[in-house]
Amino acid sequence: MIDKLKKHYGYLFEEDLIKEIAEVATYKEFKEEAIIIDVDSYMVAIPLIISGAIKILREDKDGDELVLYYIEKGDTCAMTLSCCMGETKSKIKAVAETDVTLLMIPKNKMSEWLSKYKTWQEYILQSYHARLNEFIEAVDSIAFLNMNDRLLKYLKDKAMVIGDDILNVTHLQIANDLHTSRVVISRLLKALEKQSKIELGRNQVKILEL
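If you count the sequence shown from 1, position 182 lands on 182 in the numbering used here, and the numbers rise without skipping.
Calculated from the structure, these hints are not laboratory results. Idealized CB from N, CA, C, for every residue including glycine. Each hint should be verified, as a subset may be incorrect.
Unchecked claim - Quick list of simulated restraints, FRET-style, between CB atoms:
(1) Ala130 <-> Val169: 19 to 29 Å
(2) Ser115 <-> Lys190: 50 to 60 Å
(3) Pro106 <-> Val39: 41 to 51 Å
(4) Ser181 <-> Glu32: 19 to 29 Å
(5) Arg202 <-> Met147: 20 to 30 Å
(6) Leu66 <-> Lys4: 10 to 20 Å
(7) Lys190 <-> Tyr11: 22 to 32 Å
(8) Lys61 <-> Ile166: 33 to 43 Å
Please construct the entire structure, taking both the sequences and the accompanying hints into account.
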């Protein structure tokens with residue numbers, strides 16, 4: 001675990017903090033599409049991502065979902081931090097976008113390290129800042145972009161997160177992530193293909209314009 005921590009967080013944290021993380025962290029693995037954090041669950045630990053990517057979703061009262069943003073290796077989730085600090089239930093769902101490995105840090109250590117390690121304090125503050133910017137970008141996308149532009153942005157963001165311009169995804173999955181209908185998504189995907197921005201296959205989308 002020390003080696004993994006140094007590889008992914010050594011540039012952020014001092015050696016003493018790395019050692020403490022290794023002593024208290026719980027190593028977890030999740031398969032693609034696994035639910036890591038569910039709505040209304042209490043958080044007892046915060047995640048540090050070692051590999052893979054996680055999508056953060058908001059769920060309405062009918063169970064429909066909307067993707068807010070993604071977090072990748074080296075990241076943590078600001079919503080999780082907030083829930084841990086406030087001892088409140090989670091208002092988001094975190095789902096493995098790819099296979100994910102992460103370390104769960106007990107929430108009592110988060111507060112302790114804020115005063116003990118400056119690098120941890122900076123990391124937490126930067127994480128809040130990064131997630132806030134991504135949340136604002138998600139709101140801007142919903143408020144100011146038409147569905148065609150939102151779809152293309154979603155596809156590009158997804159490709160960037162998984163590190164591949166070929167997405168193995170169904171029209172229904174895209175529709176669920178964007179909180180719209182499969183019929184609308186199918187029509188818009190066809191339009192993007194005619195514009196030579198994507199190439200469609202069976203349950204597959206290739207991004208031609210990154």
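Hints, verified against the model:
no. : hint                          : in the structure
1   : Ala130 <-> Val169: 19 to 29 Å : holds, 25 Å
2   : Ser115 <-> Lys190: 50 to 60 Å : holds, 56 Å
3   : Pro106 <-> Val39: 41 to 51 Å  : violated, 22 Å
4   : Ser181 <-> Glu32: 19 to 29 Å  : holds, 24 Å
5   : Arg202 <-> Met147: 20 to 30 Å : holds, 23 Å
6   : Leu66 <-> Lys4: 10 to 20 Å    : violated, 32 Å
7   : Lys190 <-> Tyr11: 22 to 32 Å  : violated, 44 Å
8   : Lys61 <-> Ile166: 33 to 43 Å  : holds, 35 Å
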